[in-house]
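Chains as they are written, first to last, in the numbering used here: chain A, 1 to 115; chain B, 1 to 115; chain C, 1 to 152; chain D, 1 to 521.
For the record, the hints were derived by calculation from the structure and aren't laboratory data. Beta carbons: idealized from backbone N, C-alpha and C, even for Gly. Hints are all accurate, no fakes.
Pairs of lysine-lysine, BS3-like flavour, derived with a Cα cap of 30 Å:
1. A:K107 x B:K76
2. A:K106 x D:K384
3. B:K76 x A:K24
4. D:K171 x A:K23
5. A:K24 x D:K171
6. D:K171 x D:K384
If you want the ones that stay clear, here's a sample from chain A, every Cβ over 10 Å from chain B, calculated:
7. F6
8. V10
9. L12
10. M31
11. E34
12. I45
13. L47
14. I57
15. F58
16. N60
17. T86
18. L95
19. N98
Next come the chains, spelled out residue by residue.
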Amino acid sequence: MIDIQFLTVVILISVGISTLVFKKNIIKIVMGIEIISSSINLFLISLGYREGSVAPIFTNAPSVKMVLPTPQALTLTNIVIDLAITALMLSLAVLIYNYYGTLSMKKWRLVERCS
Amino acid sequence: MMMTTLSTIRGFWDPVLWMAAFIIVIVITCYIRSLGKEEYKRGTEQTMVFFSGNIPPKELISSSNIYWGFFKAMEKYYTCIRRFHTGMVNDYVYYFIVIVIVIIASLIIGGVLWM
Amino acid sequence: MNDVSLIVKVVAYILIVPVFIFGSYVILHGHLSPGGGFAGGAILATLVAMLVITFRDDFKENPHEIFSILECIGMIFFILLAFFGLSSSFFHNFLVNLNGLFGKPVHFGVNPGYLNTAGVIPLMNMAVGIEVFSALSLIVLMLSMRYGGERK
Amino acid sequence: MEVGREMFIIEHLPALVIAIPLLAAFIAPLLKRFGKHAVSVWSILNLSIVECLVIVLGYRVIKDGIQSYAIGASIPSLLSPNGLPVRIILEVDAISSFMGLTSISIILLACIYSACFMKKYKSVERYYSLLLLMAAGIMGMAFTGDMFNMFVFLEVLSISSAGLIAFYAYKGEAIEAAFKYLVISSISALMVLFAIALLYGQYGLLNIAALGAAFRFTILDKIALALLVSAFVMKCGAVPLHMWVADAYGEAPAPISASLVVASQISLYALFRICFTLFGLLPAIQIIAWFIILFGLASMFVGVTMAMPQKDIKRLMAYHAISQTGYMLLGVGVGLAVINDINALNAFGIAAMEGGIFHIINHAMYKGLLFLVAGAIIYRTGTKNLNEMGGLGNRMPITAVLFLIGMLSITGLPPFNGFASKLIIYESVFLFNPILSVVAMIVSILTLASFVKVFYSAFTGQEQSKYKDVKEIPAIMLVPLLILAFLIILFGLFPGIILKLLVKPAVQALLDRAGYIGVVV
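Please construct the entire structure, taking both the sequences and the accompanying hints into account.
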């Protein structure tokens, strides 16, 4: 059977990219980036998976057959980084709404006025 | 050669020799300039900006469209380029995805054809 | 202003202690059970978020000064721990298997989870816990108090 | 004991260079109560310490080969305990110490400049803290030998420079530019992470050298290569993906624009590291080489033609940064295209790469000078618009002369450093393909055209009534400008020595793939 988890990763990434490309609202753009980031986290975790094994924690572990710990460390770092990026983006969105009164990308001022 | 020379493939580049030649040229031009008429006086109407006949405005003649000829000649190019510079992040991400797909396609097709 | 009812305030007072204990438990047991500095710090930050919402009017001025100092102290403590490892190499775990603080040697394999092990890692968990706790509560304070306190 | 301490520092150099700006970044906000200038003095002190360490590190790299450092190991040189590199390994070869030296000097000068430029703003500690974090991110990306570590430092760099772009929070445009920069950076960083996950899924390795050694050219590797190349090309501002550069450099404060130029050059270094070391032996690298050449060509031409009609002085210089990045991409792309047949490589490939990499340090210097001069103009007159400036020459003579030096070197006129690297690029690229070199020359002429417009509209022309009381910029701001101008003239007069000392070992290091891999595997 095909690997369901890699299929979901592809679907989630395409959903994330489609929100980024088509949606003009800033909050939706931040959501799109969150979707792509969590799909890459899912991809990282599913790389380290082994059939019938346990989380890589030795405290009272039921069996010694464990999942690969390194992708979990990568995912943890990626989650922390995404928290920082989302917090900064949302605070910028608050300021943008404060100045422009709109959250949609179309009515922004920094469009190429070079004529 | 001297310490300052830079040997490129077909020849060499030496700024000190170039400076020497440059100074010689400057001396010659200053000599030629000094042969000119003496009645040139600063501050008279000789040194007034030539504003195609009439009196130049007191304040500012802005120089931002000095190259109007160049922009007129490249009219089609500039309208096409400005269509790309929309200033919206959605289009930036769209161009990024297009570039990724183009590179992936050319790598795979290239790989099959050549290697 | 949307005044919060008395029940909410009383429950908030009661909830402070369990949430704090649970958060610090997650931080301190980071090297044994899932969690650690980041998760524990996030749990503690929910405490500050709750307090900001219930006691929005009682704050005289925005207490973000304390949290920014705390954040810097947490991060400096973390990097200094890494510098202390310079005796052999940067970020070296210099406390492990030395029977000192957090130094109890442990055999490889399943164990019931001894707290006094893993050398520098628990100290680093505490540093990251402080840093994440103050950083997230700073975010909550800056985003909420700015419009709660002086509404433009 | 003296020798012990001295050897101690030298032994831990690669880690100290990254750790000191990181530690200083978090101590900076606490210095608010030690006086107004405590923070700027503190950050200038730390950055100069890091500069000296990088110079010593560069000297050691040139003297006795690649320096490697395993973070957290019991002995710093214990790279792969049982044949497998387990820890994060910092690997410093000539090209990374070259990039590190370039970036830390420009950030140090930007920090000296901002000591006076940023004096009137209230929350200055945040500014210096983010600047030091940016320096730590750049040095980390330059010196790391681990793919995931490069991703983490890329994110540290993106978030801190996004925060710095949004420094003028009272203006809507800066917030908008920071938002766009952050979206672009997070997208490219996520695609880098996706490529790392692809590579890790196949080989179970994260170290660049170990990955390079354990390569089997599968389809997934090609997808990972495509993702990495396009992500780093977007981060360094090549044309089809360059739209964020004009907003980000245009709205950021002047010293930040100067250090952002260096930040995007570090992504250029990461692109070269991936194309030469990681995917060096992949037969499909020729296709990537042609893509890099096309990106370079397009960046050169579109960058300049977009710069000509600009009215805002900083946006104009931002577009010139794009077109100069095109020169570097062209130079090193030609080197990559002929990497496989040896006689072409020796004939013009190595010379093209030398031109491209020499252009990196030249560009960092004169673009830094131009941005700082633009900052000086804005500091005194308050306007960014070229139409409102005029006749500043007799009020700010030194700034005018410095701008002239920067202008003459960016357009590549003979006695200055831009000419030396562009000459090498023209000659070697001409042998590869004449059209590319012809386009490069036309772009140089258009660069001169647009900078003549800037010089005449800003410095010459009628005396403005509203700028009657404009004085010369204060001495602290003038020091970095004079240092940069001196370096430009020095590099311009002695290109041979600089090439032999800095650039040739860097190019050899980039081409010496086996040496880089041999250290770890």
